[in-house]
Amino acid sequence: MRLSWREEGDRTALVVDASGDDGVAAEGDWAVLPDALVTAPAGAQSTVEPAAPRQTVAWPSMAGQWSREGDGLRFDPRFPFLAGVTYAVLCDGRRVAALTRPARPLRATTRVVAIEPDVPQVPLNLLRVSVQFSAPMRDDCALRHVHVTDAATGARRDGVFLDMTPQLWDASRTRLTLLLDPGRIKRGLVPHQESGYPLEEGRTCVVTIDAAWPDAQGQPLGEGAARSYVVGPAVRARVRPDWWVLDLPAAGTRDPLVVRFERPLDRVLVDGSLRALADHPGGESEPIPGAGEAQPDGRAWRFVPAQPWPGAPCRLRVRTRLEDLAGNAVSRVFDRDLTRREDDPVDAPWLDLPFAPRGDVG
Amino acid sequence: MSTSVNTASGATLSGMTVGTPTLASVGAITFGLGRVLFVADNQSASIVAIDVGAGAPSAPPASFDVTDLDARLAAFLGCTREQVFIRDLAVHPTTGQVYLSVMRGSGAEALPALLTVGADGAVAEVNLTGVPFARMELADAPVQGDERVEGRVVQGSREGSPYVVKADFSLQVAREPLRTVTITDLAFVDGILLVAGASNQEFSSTLRRIPFPFTGRAEAHALEIFHVSHAKWETASPIRTFVPYDGNASILASYTCTPVVHFSVEDVAAGDKITGRTVAELGGGNTPLDMVAFTRGADEYLLVSNVRHPLMKLKKSDIRQQSPLTEPHEPTGVPRENLPQEGVSKMANLGPDRVLMLQMDAHEHYHLHAYMTDTL
Chain V
1 MRLSWREEGD
11 RTALVVDASG
21 DDGVAAEGDW
31 AVLPDALVTA
41 PAGAQSTVEP
51 AAPRQTVAWP
61 SMAGQWSREG
71 DGLRFDPRFP
81 FLAGVTYAVL
91 CDGRRVAALT
101 RPARPLRATT
111 RVVAIEPDVP
121 QVPLNLLRVS
131 VQFSAPMRDD
141 CALRHVHVTD
151 AATGARRDGV
161 FLDMTPQLWD
171 ASRTRLTLLL
181 DPGRIKRGLV
191 PHQESGYPLE
201 EGRTCVVTID
211 AAWPDAQGQP
221 LGEGAARSYV
231 VGPAVRARVR
241 PDWWVLDLPA
251 AGTRDPLVVR
261 FERPLDRVLV
271 DGSLRALADH
281 PGGESEPIPG
291 AGEAQPDGRA
301 WRFVPAQPWP
311 GAPCRLRVRT
321 RLEDLAGNAV
331 SRVFDRDLTR
341 REDDPVDAPW
351 LDLPFAPRGD
361 VG
Chain G
1001 MSTSVNTASG
1011 ATLSGMTVGT
1021 PTLASVGAIT
1031 FGLGRVLFVA
1041 DNQSASIVAI
1051 DVGAGAPSAP
1061 PASFDVTDLD
1071 ARLAAFLGCT
1081 REQVFIRDLA
1091 VHPTTGQVYL
1101 SVMRGSGAEA
1111 LPALLTVGAD
1121 GAVAEVNLTG
1131 VPFARMELAD
1141 APVQGDERVE
1151 GRVVQGSREG
1161 SPYVVKADFS
1171 LQVAREPLRT
1181 VTITDLAFVD
1191 GILLVAGASN
1201 QEFSSTLRRI
1211 PFPFTGRAEA
1221 HALEIFHVSH
1231 AKWETASPIR
1241 TFVPYDGNAS
1251 ILASYTCTPV
1261 VHFSVEDVAA
1271 GDKITGRTVA
1281 ELGGGNTPLD
1291 MVAFTRGADE
1301 YLLVSNVRHP
1311 LMKLKKSDIR
1321 QQSPLTEPHE
1331 PTGVPRENLP
1341 QEGVSKMANL
1351 GPDRVLMLQM
1361 DAHEHYHLHA
1371 YMTDTL
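Quick note, the sequences are listed as chains V and G, same order.
One point on numbering: in the numbering used here, the residue at position 147 of the first sequence is 147, and numbering is uninterrupted.
Numbers given in the numbering used here equal positions in the second sequence, counted from 1, plus 1000.
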């Protein structure tokens, strides 16, 4: 009895050539199973004769359709056969043949593009680290491949990142956001009392990505990556747009509006949280079309309008969910001390900073 | 509720269309209305409601002990045991049929599967062809009081799509592809689907309330559930898992940073910002995995499964009496009893008197066992 793969476009069937085995195709109860389950079942009640494996554990058969093909049979699986897996064909519960799907050759093409935040120093209560990859990654094994070590001693710091399933990936599976364990960051919680902050102030830590991390194709990264951060003091205060500095463009030009923040902010949130609006005499305002982009270090936002700036007053609309590197937002402190009135939250979903393009040009 | 059941012809619930829902992934699942399976699809940041039928009540099996569940699933799905990822389980409220959401493989070849498993270990796929279903997208769903234009205003029409601001004015807007919502738990309470999730951007404790039938994005109301630790610090934090109890009057939620918090469903209906009462802290290095409630005699109990801690049992009357925690010392809060069931992750009620538990053994093999509540 010979087995072969029948490739048809992106589908693969398993063909059983039974010529020479008279009548075998017509009779019997045929099934396909991953061979590992047939030859080495782990169930306590299983009994397997090594010489002539017979499946006595009632594993369900692999989902799919059997049909006749010539003198033999053909099996079209409901879930495609997987690379590198050996499949056994069973007749009346007896393993009669097996065939292995070719494994993919290893070819490392994916790399780490960036480890963020893109700053030399982070606060002790840093909340997130993001990793940008050049291609989609396997999305369920991050904590095995990301580590934090002390730069001076090389000692690994354990329990830095929150172990969560599912992990926080973007839709393309190229950007991973890791949360530093918030229970260790928040004052007053038991994990903080027991283990302290995930990082240590005054030390330099290194975030390391190892090269074994498989991408979505199962290929390891071409090489690992690492980034060092000096750990500074904790930051626990609301983000203060009223302290920002605006480099004003001239009316009638397409010069950029540059907004400089009082501290580094979460780069990705900056892009989704700032808008330039033009005021209209009627009291309404509408978005100014254009392109805004945060500086990689999250210290500024640069906005270029699609049309020249109007001579009229404008405003910068800031969504109050905008956060800094420690999760402090415009609206609230990450873990608010209820006795500090200055930390009281801001309820509005946004706030506006009025500005006027300079009138000395155009 | 405007939901109507047309039992005469195909029993299609309002708000659903008949077709074949596509799922990019499967995660948390739960039942509602006695027949609708809600499935979180995190890859596409959406929730799919599938009418699997009301079914007929059936006599519960004498026992439900499916050993080597992962091997059975691997056989059915044609993969190795290590390539089976069981994401959640739910029990059909009428038929008692056990449903599983499973991912087969990982990376680009990962495939979602919605399966049923019988007390005899038989595995079958849930039919998704020609079924009544509805889909709710979460990624860009605006929340109440949020007037942002999600995305980036761009020039020309090559990128993005038109966003109509008012009748005579529209902008070309490119959606921000970076923001995703990862759904961590679901529950259906009084016609509302409650959805807990975490975003890869802002760190908030958004609990979404989505009326069913799904009527549109604007119907998704977000609630910020704050917790106060030790009467001093208030934080928003993503909710990991939660369970309605007390006749759906209360919710017990656990946060990513470990406190177990009680809040009342009445508050959920009334306001946008809710402060819960922290009733227990489970300690460091631990992540709560799932919660389930059951009634025994005159009292109600809640079970909390954990990554590092044993399965814990809390009593409703203790939660009610627990004053907010003020001192950060373990053990804090509600008295809890550790139960002997090991490696428990997902749980579900199997009828009124049994709890079904997915358990991992020392070999990292998975088994499904039902326990009588009077033994818990």
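I should point out that these hints are in silico values taken from the structure, not numbers from a laboratory.
Only a predicted model underlies this, so the values are computations on that prediction, with no experimental measurement involved.
Incorrect hints may have been included.
Example chain V residues on the side facing chain G (calculated, C-beta under 10 Å, incomplete) [said to hold, decoys possible]: (1) G28; (2) L124; (3) P191; (4) Q217; (5) G272; (6) E342; (7) V346; (8) L351.
Built from N, CA and C at the ideal position, the CB exists for glycine as well.
How the hints compare with the structure:
The restraint placing G28 of chain V at the interface with chain G is violated, with a minimum CB-CB distance near 18 Å, outside the 10 Å limit. For L124 of chain V, the interface hint is violated, the least distance from its beta-carbon to any beta-carbon of chain G being 16 Å, above 10 Å. Taking 10 Å as the C-beta cut-off, the interface hint given for P191 of chain V holds, the closest approach to chain G being about 3 Å. Among the interface hints, the one on Q217 of chain V holds; its C-beta lies about 6 Å from the nearest C-beta in chain G, closer than the 10 Å criterion.
Here the hint on G272 of chain V is kept, as its CB sits about 5 Å from the closest CB of chain G, short of 10 Å. Annotation: E342 of chain V was flagged as interfacial toward chain G, and the flag is violated, the nearest CB pair being 14 Å apart, outside 10 Å. Of the supplied interface hints, the one on V346 of chain V is violated, with its beta-carbon coming no nearer than about 12 Å to a beta-carbon of chain G, more than 10 Å. Taken as an interface hint, L351 of chain V does not check out: its beta carbon lies about 13 Å from the nearest beta carbon of chain G, beyond 10 Å.
Going through the hint list in order, the structure does not satisfy hints 1, 2, 6, 7 and 8.
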